[in-house]
Amino acid sequence: MNKLKKTLALVATLAISATAFVGCDNDDSSKTSSTADNSSTADDSSTPEGDSNSDSDSSAAAEIKLPSGGDKMTILAWNANDVDPMLSFWLPDSGYSKDQINFVNFNVGGGEASAQYDQYFLGGEDLDMFMVEADWALKYINDDSATAPLSDLGFTDADFANLYDYTMEIGKDSNGTIKGISWQAAPGGWCYRSDLADSYLGVKTPEDMQAKVADWDKFQATAKEVSDASSGKTALTTTLGGIWQAFAANRTTPWVQDGALAVDDFCSTFIDLAKNMRDNGYVTDLNQWTDDWYAAGQTDDTMGYFVSTWGFGDSILLQAAGGNGGATYGKWAVCEGPTSYFWGGTWMCVSPKTDNADMVASFIKYFTVDEASMEKYALGKEGGEYVSNKNVMQKIVDEGTNKNENLGGQDQFAVLHNSAQNINLKGLITPYDASIKSAFLDAVNAYCAGTTADANACIEDFKDRVAQNVTDITVE
Numbered sequence: 000m001n002k003l004k005k006t007l008a009l010v011a012t013l014a015i016s017a018t019a020f021v022g023c024d025n026d027d028s029s030k031t032s033s034t035a036d037n038s039s040t041a042d043d044s045s046t047p048e049g050d051s052n053s054d055s056d057s058s059a060a061a062e063i064k065l066p067s068g069g070d071k072m073t074i075l076a077w078n079a080n081d082v083d084p085m086l087s088f089w090l091p092d093s094g095y096s097k098d099q100i101n102f103v104n105f106n107v108g109g110g111e112a113s114a115q116y117d118q119y120f121l122g123g124e125d126l127d128m129f130m131v132e133a134d135w136a137l138k139y140i141n142d143d144s145a146t147a148p149l150s151d152l153g154f155t156d157a158d159f160a161n162l163y164d165y166t167m168e169i170g171k172d173s174n175g176t177i178k179g180i181s182w183q184a185a186p187g188g189w190c191y192r193s194d195l196a197d198s199y200l201g202v203k204t205p206e207d208m209q210a211k212v213a214d215w216d217k218f219q220a221t222a223k224e225v226s227d228a229s230s231g232k233t234a235l236t237t238t239l240g241g242i243w244q245a246f247a248a249n250r251t252t253p254w255v256q257d258g259a260l261a262v263d264d265f266c267s268t269f270i271d272l273a274k275n276m277r278d279n280g281y282v283t284d285l286n287q288w289t290d291d292w293y294a295a296g297q298t299d300d301t302m303g304y305f306v307s308t309w310g311f312g313d314s315i316l317l318q319a320a321g322g323n324g325g326a327t328y329g330k331w332a333v334c335e336g337p338t339s340y341f342w343g344g345t346w347m348c349v350s351p352k353t354d355n356a357d358m359v360a361s362f363i364k365y366f367t368v369d370e371a372s373m374e375k376y377a378l379g380k381e382g383g384e385y386v387s388n389k390n391v392m393q394k395i396v397d398e399g400t401n402k403n404e405n406l407g408g409q410d411q412f413a414v415l416h417n418s419a420q421n422i423n424l425k426g427l428i429t430p431y432d433a434s435i436k437s438a439f440l441d442a443v444n445a446y447c448a449g450t451t452a453d454a455n456a457c458i459e460d461f462k463d464r465v466a467q468n469v470t471d472i473t474v475e
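Heads up, the sequence shown is in numbering that gives the first Met the number 0, so the first residue is 0 and it goes up one at a time.
Source of the hints: derived by calculation from the structure; they are not laboratory data.
It is possible that part of the hints are untrue.
Only pairs whose alpha carbons sit at most 25 Å apart, straight line, appear in this in silico PhoX-like list of lysine-lysine [said to hold, decoys possible]:
(1) K203 x K330
(2) K462 x K138
(3) K64 x K138
(4) K171 x K352
(5) K380 x K394
(6) K389 x K402
(7) K274 x K462
(8) K330 x K232
(9) K232 x K211
(10) K171 x K425
(11) K274 x K223
(12) K389 x K425
(13) K274 x K232
(14) K375 x K402
(15) K352 x K138
(16) K64 x K352
(17) K203 x K217
(18) K352 x K71
(19) K217 x K330
(20) K274 x K211
(21) K97 x K352
(22) K97 x K380
(23) K97 x K71
(24) K171 x K64
(25) K203 x K223
(26) K211 x K330
(27) K425 x K138
(28) K232 x K217
(29) K394 x K375
(30) K330 x K402
(31) K138 x K171
Simulated DEER-style distance windows between Cβ atoms [stated by the list, open to error]:
(32) T470 x K394: 44 to 52 Å
(33) G324 x G449: 37 to 45 Å
(34) T450 x D216: 23 to 31 Å
(35) N141 x D227: 45 to 53 Å
(36) D300 x T470: 36 to 44 Å
(37) G324 x E381: 17 to 25 Å
(38) A210 x A454: 26 to 34 Å
(39) A454 x G407: 35 to 43 Å
(40) D397 x K203: 23 to 31 Å
On a predicted model such as this, the values are computed, not experimentally measured, just so you know.
Beta carbons are placed, not taken as given, at the ideal position from N, Cα and C, and that holds for glycine.
Kindly produce the complete structure, drawing on both the sequences and the hints.
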């Protein structure tokens with residue numbers, strides 16, 4: 000397994016089976032990665048010195064309430080896959096220099112970052128800004144000693160009015176105060192082999208395929224159609240984990256209500272869906288992020304994968320195709336699939352102990368408020384970046400210049416943009432989501448493997464797993 004696969008495997012295992020989602024670009028490969036062991040200072044004396052009056056932060060500087068003037072802006076992240084390319088855009092445009100940046104790169108998977116951060120915080124070392132993932136963001140966002148309101152940097156709610164709604168919900172504390180902000184959105188779709196779709200279903204276009212998988216009942220019916228047409232050789236999709244990623248994003252009640260685990264018909268519906276898909280061979284028994292999982296896309300064993308924005312670069316879909324020029328390269332297409340969902344993403348948080356508020360405000364404004372610089376980053380970053388601003392992504396879609404050769408020239412942004420606008424997380428996020436969702440998937444996998452006898456036993460197994468891993472809620 001190459002370095003990228005190992006990184007993705009580690010992150011996603013933690014995401015699905017332990018504590019957090021995989022981060023979109025944050026877990027994707029980057030060719031401009033820093034390899035600092037723990038704390039590193041980027042160095043480039045050729046870049047001119049910056050100052051707090053640069054164009055990119057002048058509008059916010061007058062209202063900044065936190066101190067500025069520190070020696071270096073310290074940024075914490077689990078790897079360099081986001082921070083390095085972001086710095087490469089922001090530094091020359093802002094006038095700041097690399098020797099003003101202290102990037103603490105823990106070089107781990109996203110699911111391991113929280114423990115690393117806790118140790119760093121205990122040491123009382125310098126900190127200005129740090130990155131968090133959706134499923135453990137609230138641990139810090141709800142802690143005023145760890146995160147400052149973005150209003151303390153001079154930002155108002157109006158500054159972020161054009162960002163996708165779901166990204167804003169994740170960054171709010173329990174009082175509705177914005178304390179985390181994301182420059183990226185990570186809506187997902189369902190990617191499929193267009194040649195197999197034509198052979199087995201007579202499907203010629205993504206629009207036709209969408210009609211075949213528009214909801215979960217149609218998805219299962221189409222899975223049967225593919226199985227029958229291929230004499231059982233081809234599964235419609237690769238993993239239950241991928242199905243769960245999409246399905247789980249559409250829960251309509253929070254996992255924890257009044258301090259207790261909420262088990263409802265949503266759980267039973269997925270159990271039945273998963274059992275039907277697995278028992279009939281409509282989904283493979285492969286595990287995500289394994290060599291066999293990637294290789295399945297180069298055979299006729301599966302027709303599709305659930306893929307989020309970050310999976311269209313050097314990540315999931317390219318490897319499923321066997322790389323540029325691989326066995327199935329150019330034979331893929333994408334549609335929205337049974338439901339709108341997101342998978343991954345990274346949020347920026349500000350330490351209340353920052354002494355470089357002007358630099359942090361400049362950085363955040365560049366990537367979340369200034370639409371010109373957001374568009375520049377979306378189109379200029381290697382592999383592209385799906386940014387969190389609706390106006391920017393609509394403009395890019397309308398221009399029609401994004402062509403993905405692995406998708407036969409289709410623009411994945413046009414499909415994902417619609418999905419992103421339909422994601423609703425208002426009132427649904429809890430600090431326990433990662434642990435609960437992974438416990439549920441583990442219980443369902445055990446049931447499908449025959450470890451538990453029936454759906455009721457699966458629910459009890461789920462409850463037991465939650466009780467063991469989440470000790471501060473009631474499990475009845």
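Status of each hint after checking the structure:
1. A distance of roughly 12 Å separates the Cα atoms of K203 and K330; the hinted pair therefore holds under the 25 Å criterion.
2. For the hint pairing K462 with K138, the CA-to-CA distance comes to about 22 Å; that is within 25 Å, so the pair holds.
3. Restraint check: the Cα-Cα separation between K64 and K138 comes to about 24 Å, which is no more than 25 Å; the hinted pair holds.
4. Restraint check: the Cα-Cα separation between K171 and K352 comes to about 19 Å, which is no more than 25 Å; the hinted pair holds.
5. Using a Cα cut-off of 25 Å, the hinted pair K380 and K394 holds, with the two alpha carbons roughly 17 Å apart.
6. Restraint check for K389 and K402: satisfied, since their Cα atoms lie roughly 19 Å apart, inside the 25 Å limit.
7. Proximity of K274 to K462 is assessed by CA-CA distance (about 19 Å); at most 25 Å being required, the pair is judged to hold.
8. Note on K330 and K232: the hinted pairing holds, with a Cα-Cα distance of about 19 Å set against a maximum of 25 Å.
9. Simply put, K232 and K211 have alpha-carbon atoms about 19 Å apart, close enough for the 25 Å limit, and the pair holds.
10. A C-alpha spacing of about 10 Å is found between K171 and K425, which places the hinted pair at or below 25 Å, so the restraint holds.
11. In summary, the hint linking K274 to K223 is supported, as the alpha carbons are separated by about 14 Å, within the 25 Å threshold.
12. The hinted pair formed by K389 and K425 meets the criterion: a straight-line CA distance of about 18 Å does not exceed 25 Å.
13. Distance hint between K274 and K232 is fulfilled; the C-alpha atoms sit about 19 Å from each other, no more than 25 Å.
14. For the hint pairing K375 with K402, the CA-to-CA distance comes to about 17 Å; that is within 25 Å, so the pair holds.
15. As the CA atoms of K352 and K138 are separated by approximately 17 Å, the hinted pair is consistent with the 25 Å bound.
16. With a C-alpha separation of about 12 Å, the suggested pairing of K64 with K352 holds against the 25 Å cut-off.
17. Restraint check for K203 and K217: satisfied, since their Cα atoms lie roughly 18 Å apart, inside the 25 Å limit.
18. Between the alpha carbons of K352 and K71 the distance comes to roughly 13 Å, so the proposed pair stays at or under 25 Å and holds.
19. Only pairs whose Cα atoms come within 25 Å are accepted, and K217 paired with K330 is accepted, the gap being roughly 23 Å.
20. Restraint check for K274 and K211: the C-alpha separation of about 20 Å stays at or below 25 Å, so the hint holds.
21. Between K97 and K352 the alpha-carbon distance is near 21 Å, which keeps this suggested pair within the 25 Å criterion.
22. Proposed proximity of K97 and K380 is supported: the alpha carbons are some 18 Å apart, at most 25 Å.
23. Taking the CA atoms of K97 and K71, the gap is about 9 Å. The hint holds against a cut of 25 Å.
24. Simply put, K171 and K64 have alpha-carbon atoms about 19 Å apart, close enough for the 25 Å limit, and the pair holds.
25. The straight-line distance between the Cα atoms of K203 and K223 is roughly 19 Å, inside the 25 Å bound, and the hint therefore holds.
26. At most 25 Å may separate the alpha-carbon atoms for a hinted pair to count; K211 and K330 meet this at roughly 19 Å.
27. Of the pairs offered as hints, the one joining K425 and K138 holds, with about 18 Å between alpha carbons and a cut-off of 25 Å not exceeded.
28. Straight-line distance between C-alpha atoms of K232 and K217 comes to about 20 Å, which keeps the hinted pair within the 25 Å bound.
29. Proposed proximity of K394 and K375 is supported: the alpha carbons are some 12 Å apart, at most 25 Å.
30. Between the alpha carbons of K330 and K402 the distance comes to roughly 14 Å, so the proposed pair stays at or under 25 Å and holds.
31. Of the pairs offered as hints, the one joining K138 and K171 holds, with about 11 Å between alpha carbons and a cut-off of 25 Å not exceeded.
32. Separation of T470 from K394 is about 48 Å and conforms to the stated range, judged on CB atoms against 44 to 52 Å.
33. Checking the proposed 37 to 45 Å range against G324 and G449 shows it holds: the Cβ atoms sit about 41 Å from each other.
34. Between T450 and D216 the C-beta distance comes to about 27 Å, which sits within the given range of 23 to 31 Å.
35. Hint check: N141 to D227, Cβ distance near 50 Å, so the stated range 45 to 53 Å holds.
36. Evaluation of the 36 to 44 Å hint for D300 and T470 yields a pass: the beta carbon distance comes to about 41 Å.
37. Range check, G324 to E381: Cβ separation about 18 Å, and the 17 to 25 Å hint holds.
38. The hinted range of 26 to 34 Å is satisfied by A210 and A454, whose Cβ atoms lie roughly 30 Å apart.
39. The supplied range of 35 to 43 Å is met by A454 and G407, whose beta-carbon atoms lie about 40 Å from each other.
40. For D397 and K203, the Cβ-Cβ distance of about 25 Å falls inside the hinted range of 23 to 31 Å, so the restraint holds.
Violated hints: none; the structure is consistent with every hint.
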